[in-house]
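Colleague: Generate coordinates for the entire structure from the input sequences, incorporating the hints supplied.
Which chain is which? The protein sequence lines are A and B, in order. Per this note's numbering, the first sequence starts with residue 510, numbered consecutively. Per this note's numbering, the second sequence starts with residue -18, numbered consecutively.
Nothing false has been slipped in among the hints.
Below are the EDC-like pairs computed for lysine to aspartate or glutamate, each with C-alpha atoms no more than 20 Å apart in a straight line: (1) 256/B x 209/B; (2) 134/B x 769/A; (3) 149/B x 74/B; (4) 553/A x 825/A; (5) 938/A x 267/B; (6) 761/A x 773/A; (7) 134/B x 768/A; (8) 270/B x 944/A; (9) 336/B x 1043/A; (10) 806/A x 131/B; (11) 153/B x 191/B; (12) 270/B x 939/A; (13) 938/A x 271/B; (14) 244/B x 271/B; (15) 270/B x 1043/A; (16) 938/A x 266/B; (17) 270/B x 1038/A; (18) 244/B x 939/A; (19) 826/A x 750/A; (20) 336/B x 1038/A; (21) 134/B x 808/A.
Read the hints as simulated data drawn from the structure, not as lab findings.
Here is what each chain is made of, one letter per residue.
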Amino acid sequence: MFTDRRFVCYWILWASFALAFPGYAQKDSIALDPVVVRGFVPQKFMSGLKIQHIDSASLAQARFQNVGDVLSAYTPIAFKNYGPGQLSTASFRGTSANHTAVLWNGLNINAPTLGQTDFSTIPVAGFDQLSVQYGSAASIVGSDAVGGSILLGSHASVKPFHVSAGRQRASFNNHQAQADVRYALPLNSQWAFSGKTAFYDGRMNNDYPKPTRNTYTLLPTETFQKGIVQDLFLHARNDQEISAHVWLTDNKLTLTPSDEQGREMTRTTAYRTMVRYQVRTLTLRTAWVRDIIDYAKGDLSHPDHSVTDKFASRVEKDFTLNPGSNVNPVFIKTGGEWTHYRSRVPGYAQSPVSENRTDFFLLTRWQPTSRITASVNLRQGFVTGFNPPFTPSIGLEYSIVQKTLYNLVLKGSFARSYRVPTLNERYWKDLGNPDIRPETGWNKEAGFEQTFKAALGGTLRTSATFYHNRIKDWTYWNPSRNYRVENLQQVLARGIELQLNYQRQSGSWRTGLDAGYAFNRSSQEKAYDNYSQDIVGKQLVFVPKHTANANAFVQFKSTRVTGQLQAASKRYTTFDNSQFLDGYGLVNLLAETTFAFYKFKFVLQGQVRNVTDAFYLNVRNNAMPGRSFALSLTFSYDSQ
Amino acid sequence: MILNKSMKMKKQLASSLAVAFSTFAIWSCNQSDPAPKGDYLSGVFVVNEGNFSQNNGAISYFARENNTATADIFATANGTALKGGVQDYAASEEQGIILVDNSAAGQDKVQFVERYTFKDEGSIGAPDIENPREVVIVGRKAYVSCWGTDVSKYSTGYIAVIDLTSKKVTKKINVADGPENLAYANGKLYIGTTQWGAGNKLAIINTTSDETTSPIATAGIANPVGIDANGKLWVNASNKMLRINTETNATEATLAIATGGTKTPGNFTFSNDLKSIFFVLSWFDDAFKEHGATYKFSISDTQIAMVTPLIPRPFVGLAVDPTQGLLYAGVSPSYTQAGYAVRYRADGSLVDSIKVGIAPTGFFFQ
Chain A
510 MFTDRRFVCY WILWASFALA FPGYAQKDSI ALDPVVVRGF VPQKFMSGLK IQHIDSASLA
570 QARFQNVGDV LSAYTPIAFK NYGPGQLSTA SFRGTSANHT AVLWNGLNIN APTLGQTDFS
630 TIPVAGFDQL SVQYGSAASI VGSDAVGGSI LLGSHASVKP FHVSAGRQRA SFNNHQAQAD
690 VRYALPLNSQ WAFSGKTAFY DGRMNNDYPK PTRNTYTLLP TETFQKGIVQ DLFLHARNDQ
750 EISAHVWLTD NKLTLTPSDE QGREMTRTTA YRTMVRYQVR TLTLRTAWVR DIIDYAKGDL
810 SHPDHSVTDK FASRVEKDFT LNPGSNVNPV FIKTGGEWTH YRSRVPGYAQ SPVSENRTDF
870 FLLTRWQPTS RITASVNLRQ GFVTGFNPPF TPSIGLEYSI VQKTLYNLVL KGSFARSYRV
930 PTLNERYWKD LGNPDIRPET GWNKEAGFEQ TFKAALGGTL RTSATFYHNR IKDWTYWNPS
990 RNYRVENLQQ VLARGIELQL NYQRQSGSWR TGLDAGYAFN RSSQEKAYDN YSQDIVGKQL
1050 VFVPKHTANA NAFVQFKSTR VTGQLQAASK RYTTFDNSQF LDGYGLVNLL AETTFAFYKF
1110 KFVLQGQVRN VTDAFYLNVR NNAMPGRSFA LSLTFSYDSQ
Chain B
-18 MILNKSMKMK KQLASSLAVA FSTFAIWSCN QSDPAPKGDY LSGVFVVNEG NFSQNNGAIS
42 YFARENNTAT ADIFATANGT ALKGGVQDYA ASEEQGIILV DNSAAGQDKV QFVERYTFKD
102 EGSIGAPDIE NPREVVIVGR KAYVSCWGTD VSKYSTGYIA VIDLTSKKVT KKINVADGPE
162 NLAYANGKLY IGTTQWGAGN KLAIINTTSD ETTSPIATAG IANPVGIDAN GKLWVNASNK
222 MLRINTETNA TEATLAIATG GTKTPGNFTF SNDLKSIFFV LSWFDDAFKE HGATYKFSIS
282 DTQIAMVTPL IPRPFVGLAV DPTQGLLYAG VSPSYTQAGY AVRYRADGSL VDSIKVGIAP
342 TGFFFQ
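Modeller: Structural data, given as structure tokens:
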């Protein structure tokens, strides 16, 4: 759908946005620093790296969808999607599904067996905050943060009592329902209590009116998803906080459910629990996560049952180093993490298997002048059987222009990344390899961000980032060795990301645009047998070279209309690039209005998905659905 | 996920060892008909199995004098892919028949095409066709071996009899243990079974009555190769080659293949004079690297000489072109990149190689 030439045009358009505007807005001074929220992930040590916060209005708009839908709409992350409600994995900056860390309140929740997250199993209803950190941040996040990290967070309620319940009905007999209660109350002069309890339940029956589109099958599937989230916070005035977090989620996918012998069921269940205690500069955290995967074909009563437990504890302590009276202090965070895995998987050579991982880290942040922020971060991991490489990183931000109405910041980062092999890669019978080496990479990136406070009557932010990420010992379930895992590949991923955000408010009107374009060139660099000559230099599979996304909204009082565009160029499906899926562009429309009276609110939302009825295929070579509709109504009561 | 995939791959690899011998049976060139029209008149059709989970099998085509192929002629002719793995291809006088195997249940089909243009002429899907394996055309009927829906115990296998005029399945003849390779001669269809099943006999169907007759018991899973120059049926069973009298169904000779207990023979194919048989003997080392070689023996040999292979490498498909006598061998570097059709002379010397589709396991000559 999008030819390369058209993408070049977009590219030039964006580049001119990013580059041409400085002359326009250099008016005056005082720029506000971006708000640094005290969070579960030490983002303030990520200087030099790009972090994108998805705003709460955008998240609320997608409250009945999965996180993959939000990320597709707002970021250039490409998803390898097997179909609606089916396996959906991320390719972040041209890397594989194993190279995106997904953190829930700071804890990596990638399934330890697979080393990846199926984004179709993470509903937006399960968390309160979503940020995307681009590029390698292994020194801060640890393993898996090679292409980038997805940060999911819980947020302490500030409302004394708030309850909401909603339901969505969509085409194809698909339904979603959810309810949550948020509460906060002071316990005494010192301590305050707050919390959230949420439920969600989704039933995607995918009853397509026609079994095919353009002669391609719309595969019959059904996905049932349900979960509970419980967050409790005890906060004290003397900078103490105790919090507990529980997230139980269950996702059951069945392919061709009405075919009793051929149907395939994959059930993914996760129990995630965490307790965290923070007193001034010391934070302690301990977590237990159980991931269960059940798979069955035909007879669903006796599935292959695999269970993995992860026990993880973390200690971190903040220090401030004062080098001298004329020198700004250096902020330091140091700590360690201990993780124990225990896994029972039917396909493993032995059961159970267990593994210990330990990490020590030292993070620093220093602002020598008001214009410069620097971070030097160090991390060393230790894993049963082998040790991942020492992982340093350095990040720098330089504020070239700091004016009232215009800000320009240059950013750069140079970081080592690593990925500890997954449990499957080490312990799978015959095909796994206990001696497989951790992957390691060096990521370089540079870019700038600029903010115009009075552009076109609103606030305009643009950024451009160039990156170059070489990953060695890239593991590969080698298809020419019966899918035995090997450290075969060396991959170079490089590209550019352009982003633009514009917000304007005047009277009762609000308008906004969020748009991005990314170019990703990701290729295998090393030949390893005769026929790999056909693969060297070729674009990695399912990594589109070009992606673009745009979200534009117009809001009048409490009515908002949003248009979304997601586009991707062709995705090669074979390593030699001999086959590919065509590029496509998707347009979605959302309209939402809120009726409020007394302390009650009703939010009515309508969606038209795939407005243009675009035809595109998924990984299985099956058609994706055409135009469809969704209508939802959410009721809420707020005691304030 | 990897578990299921890798298991599938193993099975797929095994099933790919089947070659479309049936193509010999129906190969005919009727010179008296008005000259057919189309882009695919005279050349080599390659059956590319594709990667199972990606449903990306295809038929490639090249003229004999060329060394580049059109990777997917069904897509070229119809603007849409076959949407599954391709298990086999055969053609009647005007019609091509493609066996399409999708990774999802209920999506398999027999796809009909116009023989010379490859234009879509309709298809038969589930429940008539489930997990099709191989096709043989006899007159105006096509016989398609199908595993049915049960692919764990192979309890639901059958031969689908298709009337080529009405394009309908007129009969399903039950065959146990996963019917696989087919060979036809003199009104009899010989049916082998998958190596993953428990079969130990060669089923026989009388193609006049479309009824089964008494099977031939074999020591090991039967894999019929075809009828030799003397009218004898050759069958591979485990590590043996059986020469069978088709009148009496008696085994007249048994030749051992020196497998060393670990190597697997497969991809049997006759030479043009029907006096020699080519085959591949392969095995995997501990790191799952495939090793092996391609051998040739004469139907008059009293034992199969294994000292010097004809070609010191294994292949996933093997067939001899009736027109030129060249040996066509399929090379599949992996299920995630295009394979090659490599051409050899009868003495095993290399001619050239042509890039085709993914996992080229079979050839059809026209």
